[in-house]
Amino acid sequence: GQNIDQPTEMTATEGAIVQINCTYQTSGFNGLFWYQQHAGEAPTFLSYNVLDGLEEKGRFSSFLSRSKGYSYLLLKELQMKDSASYLCAVRPPSGNTPLVFGKGTRLSVIA
Amino acid sequence: KAGVTQTPRYLIKTRGQQVTLSCSPISGHRSVSWYQQTPGQGLQFLFEYFSETQRNKGNFPGRFSGRQFSNSRSEMNVSTLELGDSALYLCASSLAGQDNQPQHFGDGTRLSIL
Chain H
4 GQNIDQPTEM
14 TATEGAIVQI
24 NCTYQTSGFN
34 GLFWYQQHAG
44 EAPTFLSYNV
54 LDGLEEKGRF
64 SSFLSRSKGY
74 SYLLLKELQM
84 KDSASYLCAV
94 RPPSGNTPLV
104 FGKGTRLSVI
114 A
Chain P
68 KAGVTQTPRY
78 LIKTRGQQVT
88 LSCSPISGHR
98 SVSWYQQTPG
108 QGLQFLFEYF
118 SETQRNKGNF
128 PGRFSGRQFS
138 NSRSEMNVST
148 LELGDSALYL
158 CASSLAGQDN
168 QPQHFGDGTR
178 LSIL
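As given, the protein sequences belong to chains H and P, one line each in that order. This note's numbering applies: residue 4 is where the first sequence begins, and numbers increase by one. This note's numbering applies: residue 68 is where the second sequence begins, and numbers increase by one.
Think of the hints as simulated: they come from the structure by calculation, not from any bench. Errors might be hidden in some of the hints.
Said to hold, decoys possible - Example chain H residues on the side facing chain P (calculated, C-beta under 10 Å, incomplete):
1. A15
2. A19
3. Q40
4. L102
5. K106
Claimed, not checked - Derived DEER-like restraints, expressed as beta-carbon distance ranges:
6. P106/P to K60/H: 26 to 32 Å
7. D8/H to G151/P: 20 to 26 Å
8. Q28/H to T72/P: 33 to 39 Å
9. Q22/H to G107/P: 22 to 28 Å
10. G43/H to N167/P: 25 to 31 Å
11. M83/H to N144/P: 26 to 32 Å
12. S70/H to G95/P: 24 to 30 Å
13. Q121/P to R69/H: 26 to 32 Å
14. N24/H to G151/P: 29 to 35 Å
Cβ coordinates follow ideal geometry from the N, Cα and C atoms, glycine included.
Use the sequences and the hints to build the structure in full.
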């Protein structure tokens with residue numbers, strides 16, 4: 004089975020950098036997704052990692068270490084609009100199997 | 068390109084009733100997945116449909132069912148509603164539901180059971 008852990012809440016200051024961690028214990032692994040969800044809105048896709056290393060997309064970067072069962076989402080130059088929940092989701096190893104989501108990290112950006 | 072559309076956005080029902088929620092995926096997407104989202108449990112997978120066939124099913128009771136039509140639109144049905152069914156129901160579509168393809172979510176249907 005899959006077990007995914009993320010911190011429940013985080014607070015950071017506008018303009019700063021924040022790192023949101025995600026650890027997973029799985030019987031296999033076939034990729035990890037990060038989603039952003041603003042209150043009352045749909046989750047939106049941020050990044051996908053399947054190989055070890057860092058993927059950078061503008062102010063957002065995502066890192067994966069498969070041997071450690073660990074990923075993080077790095078948000079730079081924080082803006083107030085980054086206040087949202089960030090969801091980590093793991094794809095199990097078998098083909099066409101559903102994503103397993105963590106419970107999400109609620110990030111509050113303060114002035 | 069239109070996104071994933073879910074209707075209705077809000078719904079209020081009473082215990083014992085049944086409800087049908089609708090999801091229109093992004094044009095060309097053939098995989099549709101349904102999730103239940105609650106503050107305590109996060110996103111819980113309900114089921115996935117691909118080419119009108121249920122391909123995966125989560126750990127929900129048989130009161131939760133769904134189907135997919137030939138145009139890839141999907142519906143989910145919940146019968147004999149219980150208070151604990153109050154949640155945000157999200158639908159997500161992807162091209163074929165394969166490993167590296169992200170899912171695109173609709174805004175959800177917020178179901179409240181009185």
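The hints, checked one at a time:
no.	hint	result
1	A15	violated (21 Å)
2	A19	violated (26 Å)
3	Q40	holds (8 Å)
4	L102	holds (7 Å)
5	K106	holds (4 Å)
6	P106/P to K60/H: 26 to 32 Å	holds (29 Å)
7	D8/H to G151/P: 20 to 26 Å	holds (24 Å)
8	Q28/H to T72/P: 33 to 39 Å	holds (36 Å)
9	Q22/H to G107/P: 22 to 28 Å	holds (25 Å)
10	G43/H to N167/P: 25 to 31 Å	holds (29 Å)
11	M83/H to N144/P: 26 to 32 Å	violated (40 Å)
12	S70/H to G95/P: 24 to 30 Å	violated (37 Å)
13	Q121/P to R69/H: 26 to 32 Å	holds (31 Å)
14	N24/H to G151/P: 29 to 35 Å	holds (30 Å)
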